[in-house]
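Participant: Sequence:
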Amino acid sequence: MRLRETIRYELWYQARRATTWLYIGAVLALAFLLARMEVGGVVDVADGEAPINAPYMLAMMMRLANIAALLPIGVIAGEAAGRDAMTRMAPLVYTAPVAKATYLGGRIVAALLLGVLVSLAVPAGTLLAVLLSGAPADVLGPLRVGSYASAWLVMHLPNAVVATSLAFAMATFARRPMVGWVAGALLFIGSMLCLTMLPDIGQWTLASLLDPLGIATLQEMSQSWTPEAKRNDVPWLMTSFLRNRALWLGAGAAVLALTHHRFRLAHHVPAPRRTRAATEPPATTPIALAPHPPRPRTFGAGTHASQLLAVARESWRVVVIGGGGLVMLLVAALVVAAAPGELAVNGVPLAPSTAMLADTVADPGAPFTMIALLLLLFYAGELVWRDREAGLGEIAGAAPVPEWAQLLGRVTGLALALATFQAVLMIAAMAAQLRVGYRPIEPWLHARLFLGMRLADYVLLVALAIVVHVIVAHKYVGHLVTLLVYGFVLFAAKLGVQHRLLVFAADPGWSYSDMRGFGGAVGPWLTLQLYWAAWTALLLVAASLLWVRGREDALAARLQAMRRRATRRALGVAAGASALVLALGGFTFYNTNVLHEYLTPTDVAARKAEYERRYARHARAPQPRLEGVRLHAELHPEQGRAEIRGTYQLVNREAVAIDTLHVTTSPDVATGAMTLDRAATPAVADDRLGYRVLALRAPLQPGDTLRLHWVVRIGTRGFANDGVPQMVTANGTYIRNFELPWIGYQDWRELGEASARAAHGLPAKPATPSLDDEAARRDLRAAAERVMVEATIGTSAEQHAVGPGALRRTWTADGRRYFAYATERPIRSDFSLFSARYAVRAATWNGIAIEVVHHAAHAANVDRMLASARASLEHLSATLGPYPHRQLRLVEHPGTGGLHASPINISYQEGAALFDPERDERGLDFPFAVVAHELAHQWWGNQLTPARVEGANVMSESLAWYSAMGVVEHARGRAELERLVAFMREAWMPPKAPSDPPLLRATDWFLGYRKGPLALYALREYVGAQSVDVALRRLLAAHAEARPPLPTTRDLYRELEAVTPDSLRPLLHDLFAANTLWDLTTEQVSAAPAPGGMVALTLTVRARKIVIDTSGTVRELPIHDLVEIGAFRDGGGKARGAEVHRQLHRIRSGVQRITLTVPAGATWAGVDPRALLFDLKPWNNAKRLPAEP
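Mapped onto numbering that gives the first Met the number 0, the consecutive letters of the sequence shown carry residue numbers 0 to 1188.
Some hints could be false.
Straight-line alpha carbon distances no greater than 35 Å define the calculated DSBU-like cross-link-like pairs of lysine-lysine that follow [claimed, not checked]:
| hint | residue 1 | residue 2 |
| --- | --- | --- |
| 1 | Lys1104 | Lys1176 |
| 2 | Lys764 | Lys1182 |
| 3 | Lys493 | Lys607 |
| 4 | Lys1104 | Lys1182 |
| 5 | Lys474 | Lys764 |
| 6 | Lys607 | Lys764 |
| 7 | Lys493 | Lys474 |
Everything labelled a hint here was simulated from the structure, so no lab data went into it.
Kindly produce the complete structure, drawing on both the sequences and the hints.
Facilitator: Laid out in structure tokens, this is it:
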């Protein structure tokens, strides 16, 4: 009976509070908004995604709102657990004749019921968003309320139970209700750590099990489920999900049991502090005090400054010396331990440069920074409410301290705490560099990044948090509003608010690189920082006028006090801040909306749709072919501008006369007037959509030539909403020919997303033309044209410019350096212009000049790159044919990573220069292999240019990686090749969706860069490397001239088929023409002595083969395949040891026993031990031999 009364009282108490319903309403509204965002961005079912009412899509849509619900759940539970202690009613309540189980049980049950109610707001808000979305029926799918209910039952209800249990326990022992809020934050942080760190080391199973919110399991499903599974399967019924839920429900029950066990219905007595034993004070003689006249008390500016500093010092102490300092130290330890490991590309370590560490550690989206910001946002409320919660509100209100001093003191203290945290992060980042032996440390740059740019970004947010708490005048509501504001700042772009003048503390963005520094971004950043600082000053004035003194926290009373506090000084500060807001806001608007065109993503999509509607009718209009380019580029790096004047030589290779010339221009540059060397009239000059048409007075006859003269200007007129363009910078200019005029209509300017096309009334079209599209095979405009290029580049006196072709001469004029380049034979129409303060390392191979043009500080991998270039030229020239040029360059330019293989010049971003293979535990020299891959593109892509249809990335990327494998084996040996193959195979390991198109029709990244090379490698191991090389030489010889029709994967398949024995052609079909997967398992291995010191092995093997289409439909096939059976030794760690025996066996479907005789010494044996085939579970292919009795 008393338990029921306790539950009823707690429920009634919480239900009467407006904040409880505010929390529920906020979660409902947030779930609604997040679901509307997902519904608005959902891809059409025709594109292979699931309808939004599918259980999988519901789980994905609700995950963020599920996280947001943790905080109010924690607050409610904390209120139930700690309210008596906070209100000092605990001693009185504990004297009541109530059992401990009744006292705790009533409150925890009530908190659980209220937490359940809050969690119900998540599916309710999502359902409401779906019902009001207006989306087509095929996008929505059938509405099943049971799906929403089951999602809540298995996903959100357990999270509510765990959050309530943890929050109740923490608030009970801390005797502070607000600690419940921390419980929700801890669950979120734990989930993020599981999601970001464990998968990086391949521990998806552990991440799925330990994630307290189950988000890692959903993330794994998003990567591994087929479209069919996403449409029909139920995520929360999967074993991994149920295991996770059971674990954390058990953890919640254990926490409650521990709380019951440790709790005492007794007055809390703090643990005594250790003190020295008291000693008898010595006898003292009374001292007569001389009369002292009273000193006058002053309350001038000096006193107020001292008061402000005292408040700031105490606020800093509360945050840093209290629990916040411990969190800072823990985060610092995490940075030292984990940051170098986080700096990796595909598991390959990167050298922890200062710029990259700052992005990894101090970026607003980094886990380290999010922890700090959430902590400080929490402390903002604590500082505002500290006096009142301690019962000292009236005393503090009566103190002769002005409101602005109390407010600014807290803001200053919190800003100093934030600076302390950033300093700790900075020291931790430098310690992380020292731990891995990175040099130079660059403390001044660390200070600029951590204590300058990043600190300024965050100070405004914590100041706003204090303002919110002062104005709201309710602690929990203040925390909720602060988090909503912080969430809006993070997700404003997804909510459709992109302009920097509308998102608090937003700026145009900035980045730092070793080559270009800040690249002109500091000025725009500072402008927006001052703009938002002015807004913050206005808000602080309002907060000081509304500051709560004593018990007068009602809004009406504070508004009355506001009139009294509005002194001339306060109004003067407000007027000055308002003037700054207007001036800086107007200056920013002039830059972003007048000097530059401001376009939202919706505007960009509409413009693409308009481009297609107006000009797509000209897509097949006959156009002359570009065959010659002459450029004169004047680069002004210090001014961030360039002018390029060019002439195109165009030849009519069509069978009909051409009477109009169509030109597409880049939206990122200013294209000036165009003229021809013959009479023509401008018919269309649409600079808004980037399309021009010149009508020739006399048609261009077949075989005739004309010249098009144009000028392109690149400049920094102020700054755009997204910052300053980075094509031309003080050190690191990089301009691709993509920015120059294009001949003809360009379909890459069209809308690609099916849902966006439908929204703009455009017909559906495949993202990539079909393999059967013969018209696409005859289109040379997609960078398949062959052109002669001459480029003269003028740049600053201290810089070195690079262009396509051979360097003919250099000279100096008017204090500037000039470089003249020219190609010696036609190249694919893909080239770039570079300029920087470069260092150049040169070498030769068989008369070919090799150069690595690099930033002087990025020399660690230069020798490795030169060695790879020489080895690649040697091997590829022997296997594929001669390299067609007399020059080869690798040119560095600013950027975080990535390489691009244009003819002759291979560009690589700074991040690629920071690969640190010495720290790669796998022993793989990845930079060597990457350079070999890019060198192979001089044959695959630059000589043989595939048609832009399905399978094009196999013809380019797969063949380039396969050729790079040959280079690695030729130069570094078989062991290094196997390490490279193992590295590439890691991408195949789960989570990975098995529903793919066949390689002949591959379009996505994984298939071209990973599965394609592995398929070619498997075929090579079956038919022999020489046979595959013969096929590739034939393919290259037949299509090196880039004449229509351009080659496709069918041409590759035809050549491979010609060198494949009849017995292995089914394997060729399975690897390339179908998405075939094997499920090969070695269930048992036994060994027995055999004559001659040999060992007789008997393997029990289970085999299965399936084909999965793009929708996820599975079709099982009978197996009658030749598959390797092998035995090998231990290799240490994850590596496979030396091979003892390997041979082909005919494998059939089902279970079979295979007996073979092998030399002694094997410790493992299995089917397909090298994992050449695409196995669903390659880890169970082999089994350890039983130990000898």
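Participant: State for each hint whether it applies.
Facilitator: Here's how the hints hold up against the structure:
1. Lys1104 to Lys1176: Holds. Lys1104 to Lys1176 sits at ~12 Å (cutoff 35 Å).
2. Lys764 to Lys1182: violated, 49 Å
3. Lys493 to Lys607: holds, 20 Å
4. Lys1104 to Lys1182: Judged against 35 Å, a Cα distance of about 20 Å means the pair holds.
5. Lys474 to Lys764: Violated, at about 54 Å.
6. Lys607 to Lys764: holds, 14 Å
7. Lys493 to Lys474: holds, 29 Å
In terms of the numbered hints stated before, the structure departs from hints 2, 5, listed from lowest to highest.
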